[in-house]
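Participant: These are the residues of each chain, in order.
There are 6 protein chains.
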Amino acid sequence: DFMAALNEVKPAYGVETDELENRLTYGLISYGPKFDHLRESIRLFIQQVRTSERTPLLSVLLEGGSGAGKTALASKAAIESEFPFVKLLSPENMVGYSELSKCNILNKAFDDASKSPLSVIVLDNIERLMEYVNIGPRFSNLVLQTILVLVKKNPPKGKKLLIIGTTSSASVLDQMEITSAFNVTLNVPTLGPEEIRSVLTELNAFENGDIDRVVNALANTELGIKKLLLVTEMARQEGAKYISYKRFLECLHDSGI
Amino acid sequence: DFMAALNEVKPAYGVETDELENRLTYGLISYGPKFDHLRESIRLFIQQVRTSERTPLLSVLLEGGSGAGKTALASKAAIESEFPFVKLLSPENMVGYSELSKCNILNKAFDDASKSPLSVIVLDNIERLMEYVNIGPRFSNLVLQTILVLVKKNPPKGKKLLIIGTTSSASVLDQMEITSAFNVTLNVPTLGPEEIRSVLTELNAFENGDIDRVVNALANTELGIKKLLLVTEMARQEGAKYISYKRFLECLHDSGI
Amino acid sequence: DFMAALNEVKPAYGVETDELENRLTYGLISYGPKFDHLRESIRLFIQQVRTSERTPLLSVLLEGGSGAGKTALASKAAIESEFPFVKLLSPENMVGYSELSKCNILNKAFDDASKSPLSVIVLDNIERLMEYVNIGPRFSNLVLQTILVLVKKNPPKGKKLLIIGTTSSASVLDQMEITSAFNVTLNVPTLGPEEIRSVLTELNAFENGDIDRVVNALANTELGIKKLLLVTEMARQEGAKYISYKRFLECLHDSGI
Amino acid sequence: DFMAALNEVKPAYGVETDELENRLTYGLISYGPKFDHLRESIRLFIQQVRTSERTPLLSVLLEGGSGAGKTALASKAAIESEFPFVKLLSPENMVGYSELSKCNILNKAFDDASKSPLSVIVLDNIERLMEYVNIGPRFSNLVLQTILVLVKKNPPKGKKLLIIGTTSSASVLDQMEITSAFNVTLNVPTLGPEEIRSVLTELNAFENGDIDRVVNALANTELGIKKLLLVTEMARQEGAKYISYKRFLECLHDSGI
Amino acid sequence: DFMAALNEVKPAYGVETDELENRLTYGLISYGPKFDHLRESIRLFIQQVRTSERTPLLSVLLEGGSGAGKTALASKAAIESEFPFVKLLSPENMVGYSELSKCNILNKAFDDASKSPLSVIVLDNIERLMEYVNIGPRFSNLVLQTILVLVKKNPPKGKKLLIIGTTSSASVLDQMEITSAFNVTLNVPTLGPEEIRSVLTELNAFENGDIDRVVNALANTELGIKKLLLVTEMARQEGAKYISYKRFLECLHDSGI
Amino acid sequence: DFMAALNEVKPAYGVETDELENRLTYGLISYGPKFDHLRESIRLFIQQVRTSERTPLLSVLLEGGSGAGKTALASKAAIESEFPFVKLLSPENMVGYSELSKCNILNKAFDDASKSPLSVIVLDNIERLMEYVNIGPRFSNLVLQTILVLVKKNPPKGKKLLIIGTTSSASVLDQMEITSAFNVTLNVPTLGPEEIRSVLTELNAFENGDIDRVVNALANTELGIKKLLLVTEMARQEGAKYISYKRFLECLHDSGI
Ligand SMILES: Nc1ncnc2c1ncn2[C@@H]1O[C@H](COP(=O)(O)OP(=O)(O)OP(=O)(O)O)[C@@H](O)[C@H]1O
Ligand SMILES: Nc1ncnc2c1ncn2[C@@H]1O[C@H](COP(=O)(O)OP(=O)(O)OP(=O)(O)O)[C@@H](O)[C@H]1O
Ligand SMILES: Nc1ncnc2c1ncn2[C@@H]1O[C@H](COP(=O)(O)OP(=O)(O)OP(=O)(O)O)[C@@H](O)[C@H]1O
Ligand SMILES: Nc1ncnc2c1ncn2[C@@H]1O[C@H](COP(=O)(O)OP(=O)(O)OP(=O)(O)O)[C@@H](O)[C@H]1O
Ligand SMILES: Nc1ncnc2c1ncn2[C@@H]1O[C@H](COP(=O)(O)OP(=O)(O)OP(=O)(O)O)[C@@H](O)[C@H]1O
Ligand SMILES: Nc1ncnc2c1ncn2[C@@H]1O[C@H](COP(=O)(O)OP(=O)(O)OP(=O)(O)O)[C@@H](O)[C@H]1O
Ligand SMILES: [Mg+2]
Ligand SMILES: [Mg+2]
Ligand SMILES: [Mg+2]
Ligand SMILES: [Mg+2]
Ligand SMILES: [Mg+2]
Ligand SMILES: [Mg+2]
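Residue numbers (this note's numbering), protein chains in the order written: chain A, 1 to 257; chain B, 1 to 257; chain C, 1 to 257; chain D, 1 to 257; chain E, 1 to 257; chain F, 1 to 257.
Source of the hints: derived by calculation from the structure; they are not laboratory data.
There's no promise every hint is true.
Pairs involving identical chains hold if they fit within one copy or between any two copies, as the list cannot separate such chains.
Calculated pairs, DSS-like style, for lysine-lysine (alpha carbon to alpha carbon, straight line, at most 27 Å) [as the list claims (entries may be wrong)]:
1. K76 <-> K226
2. K159 <-> K108
3. K152 <-> K76
4. K152 <-> K115
5. K153 <-> K226
6. K241 <-> K159
Starting from the given sequences, assemble the full structure and let the hints guide the process.
Facilitator: Next comes the structure, spelled out in structure tokens:
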């Protein structure tokens, strides 16, 4: 029966969970309603794949600025799905591979998924998987075509598949018609003033008045949660209990903001 | 004699029928006169190949927006022809293949067809077969040239062949002179208001008043039947008997409309 | 002596005649003075190669719109020459071949010809032999260079060679200096009103009054003889003795006119 | 324990120190506050990697004009870190290597680093590692993609890594999104008038009055410390105790200033 | 001694004479002073190489329109030099060869020449040797570089070499700096009215009055001697003793003039 | 000791001297102060490498018009240095080599040099080494990158290296940042009127009055010493003791001036 099948498949792929958890060094800090809505949407898609007879395939693209938390969100969703087959396809595991090797890995993963009743595949950092660079522009058309086809290819009868892609180059993926190959696109936002305040409060690294000053100083910048966490850590190196406002701005500047 | 020949060839290719039926997950819902006319035209072409002495070769290109139902239509026609040789050539079965392998597969299929008295070959998603991307633009010229030649190559004396191509990039195929290599081009339309109403009524997923609201909201969008069916399914996930109008629009939005 | 040599060579290449006749499914229907003049010019060139001491090599390019009848004309000329060596070099026999293989086939054919006292080589569809596409544009420079050299290369002393090329991309061949590498260029015309009338009368498919209406409707289109014949056949499928005018226009429209 | 681990790893990589010291032929001459601030920033980053629990990875890009002293600074930092794994990745050790070999070397170094509790990797002259030339422009996309991924790839749990990159083509690296892949970017300045005075005074090669004249003559040029040291040496060849002002300017001119 | 050396080398390369004579099907018809001056210049260069101590290498480029007689002139010069080593390097002998094979053939020929006291090498149709096409433009850079170097490479001490190149794409060769790599460039002219008259008179194919009419009709065209000879031959096919003026113009027109 | 080391290395590389002398067919004719200054500058650089402790590496680029005498100057300098390791890297010895073979040869030469206490490497005709052509432009990026790195790579401690490059495409090398990779750039001039007079007087080929006329006629041309010497030789072929002014101008014209 179904549960038996689940158990049968699970052990073979259990390793993936480590890989996925490795992308969650800072966990997920809730920064407000936008984040909560995102999480709920993803939860519904997982449920649709699990339960709807008429949804053999669902593909969701998470797009957003650099460091917005896309990989962390996708990884968390994959873990929480508790599907028997879970696979993270990331450029970090394909460094220096030929285009063909990459395609084979992608193809193999989708093939493996087609043997499990329920599967999640995370296609992390799609522009990097395709070796995209905007000079030229250049990219691996072999990988691109592979993705374009695999993302739309129904699993065999009775099997179900959820694909979660991530990208910080949505406009490039638009042009390549990858975006339209996905059924759904969700934006992972950079942080607004109130969201920055939530995170910094949670981190407890500033004196209260200083949080206001930081939030004001960052009023018009595009800041992802990843950089906010790193800069706070850098500023901490001076040893005092609370971070000085001036040191924080210096670190921000060195970080290119 | 002829029927004997038919029977002789049939078993070897019977598998294709499964592949073709796999493209018809939602069946064909008649959405109105345009659809019926399309079906009739295709039926006539099948008949011409079967009966006309002077038509050894006929090639028909189905072009239309993404998800308009081109592959489903072509697959259904191939099944209904009941020709002894029926072959679906689809990028989904050539993921990661080299240009040369693809050409060999195409060439082999046409060669096989040339041994059957009556054949249908479906060239599905021609732009993808050619690995086309509009950045550059780039594509496999080897596959393109192969298609340009095969689509115009007469079968040997006494054999007959119907070619059905599909594409959602008609303007690209025009430029490459593929369109003009086909004898006939038929447009597979996206859905207009009355057509959307027909489909939604058939699906019985909305309360009557809501169908009107949905149809109005979609008045000026280009919507293919495939997306309409998926979005309806997504909206259904909330569990109520009928889909709420608001939820439906939300799902549409996530789907990029 | 000469006749002995002829007989010696002939058997080995007799097969080519089948290939050539295969290009003449509809035979040659005389559509008027332009066609007759074309035939006469080609006849004179064959005679010059056969008889002139000072013409070891003559090359003739037939250029004209798609379906104008270039291949049929070249094939007929090759058959009627009755030269001992006759060879059709066509992209249809080189599907999926590498550039190098194509060059080797071309080179081999010219080499074989150089052993026969009198030879005709048909270079059919030169733009396709070169794998030309106007996006880029891209083409096989290896094949192009091979053609540029072979078309101007004298056969050895005492041997004679007629080359007949065909193309529907004369302007491309101009740019590549292929046109100027040929000694002579002849235009194969699309059909004017009177010529269409001649063909349709010959086919006996319309009631008399309808021929006038068809000719008028086609007054300003570029129509090759091949498409005219196919569309007539398509329109015939309705079973009546004569084709209805309306059905004919419909078929024309599906055929892209 | 930790110190034991350090000692265990150290011997295997001791050779690198020679390579690094080889980049410091002229040592580091302090030319003023900008230089001191640079040194202090780098020192803090080393400390952060050594001590912060939440900083498994830190990447610093040193960018500045040709000969500004980037390689010398990075080499000195790597030596002073006293981390058990220290690796200099420089184009000088990869002359004529294929793109793939370079990627393998990079990948191997990061892999080796991932086995050491604390590591420094210097990516020297990144534009040269990528074989960049601004005609085209051309570069190795394979190396670029490798760098883009490796620079952001966390070491395994419990390991820590400091990456120091150098480049004199910051704007190119910006375009390729390498700059934004680094956590921090620091500018290594060319020398202003007071800084030139400091260096020349330290070198004791001019009579006092002449230093003023040199500083004035160089008021509006972009001059790196490397060229200043070489030109001084060239001018010295005439044998007198102090360099003549005129000879110095001549040498500057031959050096392209 | 010298004559012994000559005799020693001669036999091995005697074959080339046939190849060269093969390029002179129509011989050389003197069409006036321009032609005589050309012949004299070439004669002087041959003499300079034979006698001057200080001229180990001399390179002459013959450039002119298509069919102007460049190959015929170069071949005649090579034969008349009576140098012990004479080599014709022509694209006709390298059809379908790889770039590398071509380079090896060129290199081998120059190497062989370097063993003979006196050598002539004809580089025929340089743009074709380089596989040049003006779409792109594309060409073999390997062959180009090989030619650029070989044309300027001194033979070893005591050996002497005359290089005669031909091209009908002088402006292309200018751009590639091939022209400037040659020591001398001579123009081979197309025919002016008086020159056409000389040739036609010599051929004795027209009645006297008709020659005037032909010369007038050709007043403003660029016509090479090769085409003039061919068209005359084509026009002769009608069988009369003299060519009719009208037929001649028709043939000219088919020949693209 | 040092002298012993010198002697040890010398024999192995003595052959290079022949290669270098081969580039000096006409010797070096002093044409005035510019030439003398050039020679002196190069002499000083040789001395700096030999004696300065702080100059392990010095790189000098000789740039100037075609035939200005760059290769001759570089070769002479290499011979006169009397360094134990002397190597000429010239495209003439790499005809038809692959990019990789060229890189290996370059790399090997620098590696060999790194074993000698004092070395000179001549990189002759750098644009040709890189297979540069300004159509495209195209060039070997592999060779370019190799040169960019090798020219800046310090020899090991205690070894010293002088690099002399030559080019007649300085602006191309600028763009590729090769010029700035060299420490010093010296211009090798074409000849002005007084310099032409010096050379012609030295050659003693004209009657006195004619030299004035030649110098006047050449007032506004860019003429390198190599062409001046060749044209004089060509003009001499008429056999008289002195060259006629008219014949000289004719030869100049054929030589493209
Ligand atoms: N609410 C949150 N959403 C996402 N990530 C969070 C959140 N709170 C904390 N994080 C942490 O922030 C980091 C987000 O980095 P992540 O690599 O997921 O970003 P990314 O958008 O994938 O970046 P990149 O554009 O570089 O791929 C992770 O370390 C994660 O643990
Ligand atoms: N009238 C109809 N015509 C076509 N398809 C229909 C129709 N009614 C329902 N369908 C269903 O709609 C879907 C159409 O999807 P299909 O893959 O054929 O579209 P497509 O145009 O080929 O899309 P793509 O552009 O992605 O290739 C199929 O699942 C099919 O079963
Ligand atoms: N007068 C005619 N001239 C040429 N072809 C004719 C004539 N009459 C009938 N035909 C028929 O018309 C068809 C012409 O097609 P053909 O393939 O020769 O055209 P084409 O110009 O080579 O086309 P394409 O541009 O596709 O290569 C042939 O089937 C031939 O039998
Ligand atoms: N304060 C200083 N900072 C850096 N280098 C110094 C300093 N003082 C002296 N030097 C010397 O100056 C030279 C700097 O050269 P280095 O190769 O580091 O420059 P670079 O910026 O890496 O040059 P390139 O752009 O060519 O890579 C070294 O020899 C170094 O010993
Ligand atoms: N005075 C002449 N000069 C040159 N060729 C002549 C002359 N008189 C007659 N001929 C004949 O004219 C023909 C010239 O053709 P040739 O192939 O040499 O021209 P080409 O300039 O090399 O042509 P292409 O541009 O095609 O290479 C030869 O057959 C030659 O025998
Ligand atoms: N003063 C001089 N300087 C340089 N070369 C001289 C001088 N006097 C005579 N020569 C002779 O002039 C010739 C110069 O040719 P060389 O090949 O060195 O020029 P180049 O600038 O390298 O040419 P290219 O641009 O073709 O590489 C040599 O034969 C050399 O012997
Ligand atoms: Mg990510
Ligand atoms: Mg489809
Ligand atoms: Mg044809
Ligand atoms: Mg550096
Ligand atoms: Mg020629
Ligand atoms: Mg030189």
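Participant: Which holds for K153 with K226 at a C-alpha limit of 27 Å: within a copy, between copies, both or neither?
Facilitator: For K153 and K226, the Cα distance is within 27 Å only across copies (14 Å; inside one copy 34 Å).
Participant: Checking an output row: K76 and K226, CA cutoff 27 Å. Within, between, both or neither?
Facilitator: Answer is within: at 16 Å inside a copy they meet the 27 Å cutoff, but 30 Å across does not.
Participant: Cα distance capped at 27 Å. Does K152 pair with K76 within a copy, between copies, both, or neither?
Facilitator: both (23 Å within a copy, 20 Å between copies)
Participant: Tell me, please, which holds for K241 and K159 at an alpha-carbon limit of 27 Å: within, between, both or neither?
Facilitator: between (54 Å within a copy, 25 Å between copies)
Participant: At 27 Å max between alpha carbons, let me know whether K159 reaches K108 within a copy, between copies, both or neither.
Facilitator: For K159 and K108, only the intra-copy Cα distance (16 Å) is at most 27 Å; the inter-copy one is 31 Å.
Participant: Within a copy, between copies, both or neither: which one fits K152 and K115 at a CA-CA cutoff of 27 Å?
Facilitator: Within one copy only: 17 Å inside, 33 Å across.
Of the numbered hints listed earlier, not one is contradicted by the structure.
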